[in-house]
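Q: Below, each chain spelled out in residue letters.
Protein chains: 2
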Amino acid sequence: MSDSRDKLMVAGLPGNEPLARALAELLGAEALELEHRRFPDGESYLRLHGDPKGASVVFVATLDHPDEKTPPLLFAADCARELGARRVGLVAPSLAYMRQDQRFKPGEALTSRTFARWLSNHFDWLVTVDPHLHRYASLDEIYRLDSIVVPAAPALADWIAESVDKPVLIGPDAESEQWVSVVAEMKSLPWRVLTKKRHGDRDVQMTLPDLTGLEDHTPVLIDDIISSGGTIAEATRHLLEHGLKAPVVVAVHGLFGDRARELLGHAGVQRVVCTNAVNAPESEIGLSRLLAPAARQLATRD
Amino acid sequence: MSDSRDKLMVAGLPGNEPLARALAELLGAEALELEHRRFPDGESYLRLHGDPKGASVVFVATLDHPDEKTPPLLFAADCARELGARRVGLVAPSLAYMRQDQRFKPGEALTSRTFARWLSNHFDWLVTVDPHLHRYASLDEIYRLDSIVVPAAPALADWIAESVDKPVLIGPDAESEQWVSVVAEMKSLPWRVLTKKRHGDRDVQMTLPDLTGLEDHTPVLIDDIISSGGTIAEATRHLLEHGLKAPVVVAVHGLFGDRARELLGHAGVQRVVCTNAVNAPESEIGLSRLLAPAARQLATRD
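Sequences listed follow chains P and G, in order.
So the mapping is simple: my numbering equals the position in the first sequence, first residue as 1, plus 262.
So the mapping is simple: my numbering equals the position in the second sequence, first residue as 1, plus 262.
Quick caveat, the hints were computed from the structure, so don't treat them as lab data.
Hints may be right or wrong, so weigh each one.
A pair counts as met if it fits within one copy or between any two copies, since identical chains are not told apart.
Computed cross-link-like contacts, DMTMM-like style, restricted to lysine to aspartate or glutamate with a CA-CA straight-line distance of at most 20 Å [claimed, not checked]:
no., residue 1, residue 2
1, LYS269, GLU292
2, LYS367, GLU295
3, LYS315, GLU370
4, LYS367, GLU344
5, LYS269, GLU439
6, LYS428, ASP472
On a predicted model such as this, the values are computed, not experimentally measured, just so you know.
The shape of chain P in the complex, shown without the other chains (with noise of 0.2 Å):
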């Protein structure tokens, strides 16, 4: 029997609506425009334009530079509860404050808890990709709602054998081998992973690995975060030391710090390629796909 509880509503916070409005397509859904201007004094103004009564709804928002981000995404979870929405849920495909999960010194916000506690209040459910849980095993450590977290690695291999010719997948560091080992085995593509030695804060010792048989491919290096871009410069810089040719970068978040492209472009990298978890210009990896189902899941939950 079809009733309201079958009505699904999707809205895209600013600068999410392309992926909210493939995401809307993808589950049959209904748009809710999300109105957001400021006042002179900086207040927002948000109005949803539809009639979420009885829906559930699923806000569309990337979280990269949170904090202006962050009161406009909770008053309109708020508004859609009390215009009657039935569920509110959000699709953050960049989660952010995962970052400071202890205090590395006395007197350290733990924001990442602060923040959990924000969305879990506002938020009946949560779907994001690949989130840097650094200390954290699980979301639900810090997260009290029902979440998913959804992985790029398919988008990723997908993307890399359609557009590179002969790759080679690439970690610039330990820590980057479970990303990279999961897209290379996607497509039993050969992977490898740098290791890097840290004698301080600039004295970063890379060590190449063997790559004997594989100087005629293009290497790709995969990594879930490009911020500042150092990690990514170095290891370029090591490649092409070792006469590997220009590398291709597929990232999952394209944060990009303030420095960080021109970093990457003087260092020699071939291309810089991310997911649209982030919307940036290197955003060529739609996620859409492999977000539908998860959001599905959780919008229509009882």
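Since the structure of chain P is already known, use the hints to place chain G on it.
A: For chain G alone, coordinates are given in the frame of chain P:
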């Protein structure tokens, strides 16, 4: 008996350090230094330098442009509590999100209620200055914490009496009568209110009250908030057209939207002065002496 219950600490959010220092001095409190910086992806890093264990902590944060300021403020409050503060309060001389107190159009977010819930969840008490209450009778309608509203009127009255020759206080519209009359009576100054009739978004007619015998006085336009500057600019033009002197403008909250200063300058104001409820070049009227007793009262409560 002096014990840790007496320990009072004051921390200023970025930009609020001068007011925090002034308050700490008046309260005989320790300064609690707050370190705040941003990672390349825009996430906040916060650290409290000092030991708030057992202390009553007072955070000072003016909340214009609130979206980017709110997450760091709430992180800091949580951090103080986790480090053992027995009481965590907020002096927010300029409170945010008082504007949207009902749905004027269907689907609008009631930001005032959600924002009040956040502050109420993270702080034990709140001191603010002349919040623009609109349709709320009191902060208690939406805030669930102890609060004291400090009126800026005594500080405005002192400044005018000391700085303006033969002032006549003028309210730019009927709503401002509440501020103007109180300030005027404190120093037994003459006062008048302009009446405004709105015939559409841009067609507003102002009527000058009788100013016979006050032609040689300096008009002092008083309002609670300068946002777009439109009302004050219009009132200024009106006063000048009727042969009065260029007015001095005195306001509590100098929010100054993009073109507000330009607008006021073109209209012909002599000078604009605000309180330090908001940090602006015009914020010459200090409020720390009015804020300190209210902060002391709530910070030292058991």
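Q: For the identical chains here, do LYS315 and GLU370 meet the 20 Å Cα criterion within one copy, between copies, both, or neither?
A: Close across copies (14 Å), not inside one copy (42 Å); limit 20 Å.
Q: Within a copy, between copies, both or neither: where do LYS367 and GLU295 come within 20 Å Cα-Cα?
A: between (44 Å within a copy, 15 Å between copies)
Q: Can you tell me if LYS269 and GLU292 fall within 20 Å by alpha carbon in one copy, between copies, both or neither?
A: Within. Shortest intra-copy distance 8 Å satisfies the 20 Å Cα cut-off; inter-copy 56 Å does not.
Q: When no copy is specified for LYS367 and GLU344, does a C-alpha distance of 20 Å or less occur within a copy, between copies, both, or neither?
A: between (41 Å within a copy, 14 Å between copies)
Q: For LYS428 and ASP472, with the copy left unspecified, which applies at a CA distance of at most 20 Å: within, between, both, or neither?
A: Classified as within; 17 Å inside a copy, 88 Å across copies.
Q: As a check of your reading, is LYS269 near GLU439 (CA-CA no more than 20 Å) within one copy, between copies, both or neither?
A: neither (42 Å within a copy, 50 Å between copies)
Going through the hint list in order, the structure does not satisfy hint 5, though it satisfies all others.
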